[in-house]
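So the protein sequences, as listed, match chains A and B. When we follow the numbering used here, the leftmost residue of the first sequence carries the number 1, and every step to the right adds one. When we follow the numbering used here, the leftmost residue of the second sequence carries the number 1001, and every step to the right adds one.
Derived by calculation from the structure, the hints in this document are not laboratory data. Since the structure is predicted, the reported quantities are computational estimates derived from the model, not experimental observations. C-beta: ideal position from N, C-alpha, C; glycine also. Among these hints, one or two may not hold up.
Derived coverage of chain A by chain B (criterion: at least 3 residues anywhere in the stretch with Cβ under 8 Å from a Cβ of chain B; other residues may be distant) [to be verified]:
#	stretch
1	28-36
2	46-54
3	93-106
Here's a subset of chain B near chain A, in silico, CB distances under 10 Å, partners left out [said to hold, decoys possible]:
#	residue
4	Ser-1031
5	Arg-1044
6	Phe-1090
7	Cys-1091
8	Gln-1103
9	Tyr-1104
10	Phe-1105
11	Gly-1106
12	Gly-1108
Estimated spans, in silico, between C-beta atoms of each pair [to be verified]:
#	chain 1	residue 1	chain 2	residue 2	range
13	A	Asn-95	B	Met-1041	19 to 27 Å
14	B	Ser-1080	A	Glu-76	44 to 52 Å
15	B	Met-1019	A	Ala-17	40 to 48 Å
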Amino acid sequence: GDSVTQMEGPVTLSEEAFLTINCTYTATGYPSLFWYVQYPGEGLQLLLKATKADDKGSNKGFEATYRKETTSFHLEKGSVQVSDSAVYFCALRDNYGQNFVFGPGTRLSVLP
Amino acid sequence: NAGVTQTPKFQVLKTGQSMTLQCAQDMNHNSMYWYRQDPGMGLRLIYYSASEGTTDKGEVPNGYNVSRLNKREFSLRLESAAPSQTSVYFCASSYRGAQSYEQYFGPGTRLTVT
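So here's chain A without its partners, still in its complex pose (with noise of 0.2 Å):
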């Protein structure tokens, strides 16, 4: 069946720093892919989405790009602040439509 794989947390940078999360996926066909953030006390919330090979889905300085060729979705950014603290799920929605698949997340702190 349809999985996802993250990188194993807790991430801890210290502010201004890049962060990279790591996530590969395994599905049929051409599926969409996902990252949702939670952060504390709240649920999921869409961060970025890619629906192609080669997209790039980008939102609030975070950027992930959809690479077919490596089955990878890797979340990227320049810069992190104290405020980007949260658990971070990395996603996919099957080539049907029909299920979605979650990755077991990545605690990302981020320290003044």
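Here the structure of chain A is known, so what remains is to put chain B in place on it, guided by the hints.
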């Protein structure tokens, strides 16, 4: 625009008690979902409803029942709560059928069973 709303936000139950978690969405979405989130386990799908009138089991359905009351509302019932059901429960909704459509999540219900 309220999006996805859930009630209650917090609940404490004793073992064996029953309760219903309510979820409603105002985005005219076809599909609705119930997840539970436990530390270190990510999100696990309990039940989903692809469209009004249909429901299907997800990964962890045991101990739960659902009702898709109408297009807007999807409730989750615990008939006899157990400590293993202590968790945070999230409802989500989406358009059906196209892979590009994302899910929208509610704020969650934090349930403790003692």
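Each hint tested on the structure:
Coverage of a stretch by a chain is defined here by at least three residues with a beta carbon nearer than 8 Å to that chain's beta carbons; for the stretch 28-36 of chain A and chain B the count is 5, and the condition holds. Given as covered by chain B, the stretch 46-54 of chain A passes the check, having 3 residues with a CB less than 8 Å from a CB of that chain where 3 are the minimum. Counting residues of the stretch 93-106 of chain A whose CB falls under 8 Å from any CB of chain B gives 11; the rule of at least 3 is met. Given the 10 Å rule on beta carbons, the hint for B:Ser-1031 holds: about 9 Å separates it from the nearest Cβ of chain A.
With a cut of 10 Å, the hint placing B:Arg-1044 at the interface with chain A holds, because the nearest CB-to-CB distance is about 9 Å. Taken as an interface hint, B:Phe-1090 checks out: its beta carbon lies about 6 Å from the nearest beta carbon of chain A, inside 10 Å. Proximity of B:Cys-1091 to chain A holds as hinted, the smallest CB-CB distance being about 9 Å (cut-off 10 Å). Hint on B:Gln-1103 holds. Least Cβ distance to chain A is approximately 6 Å, under the 10 Å limit.
Annotation: interface hint on B:Tyr-1104 holds; nearest CB of chain A at approximately 8 Å, less than 10 Å. Here the hint on B:Phe-1105 is kept, as its CB sits about 4 Å from the closest CB of chain A, short of 10 Å. Interface restraint check: B:Gly-1106 against chain A, minimum CB-CB distance 5 Å, threshold 10 Å, status holds. Because the smallest distance between the Cβ of B:Gly-1108 and any Cβ of chain A comes to about 5 Å, under 10 Å, the interface hint for this residue holds.
Judged by the Cβ atoms, the range 19 to 27 Å given for A:Asn-95 and B:Met-1041 holds: they are separated by roughly 26 Å. Between B:Ser-1080 and A:Glu-76 the beta carbon distance is about 47 Å. The supplied range of 44 to 52 Å therefore holds. Separation of B:Met-1019 from A:Ala-17 is about 44 Å and conforms to the stated range, judged on CB atoms against 40 to 48 Å.
Of the numbered hints given earlier, the model fails none.
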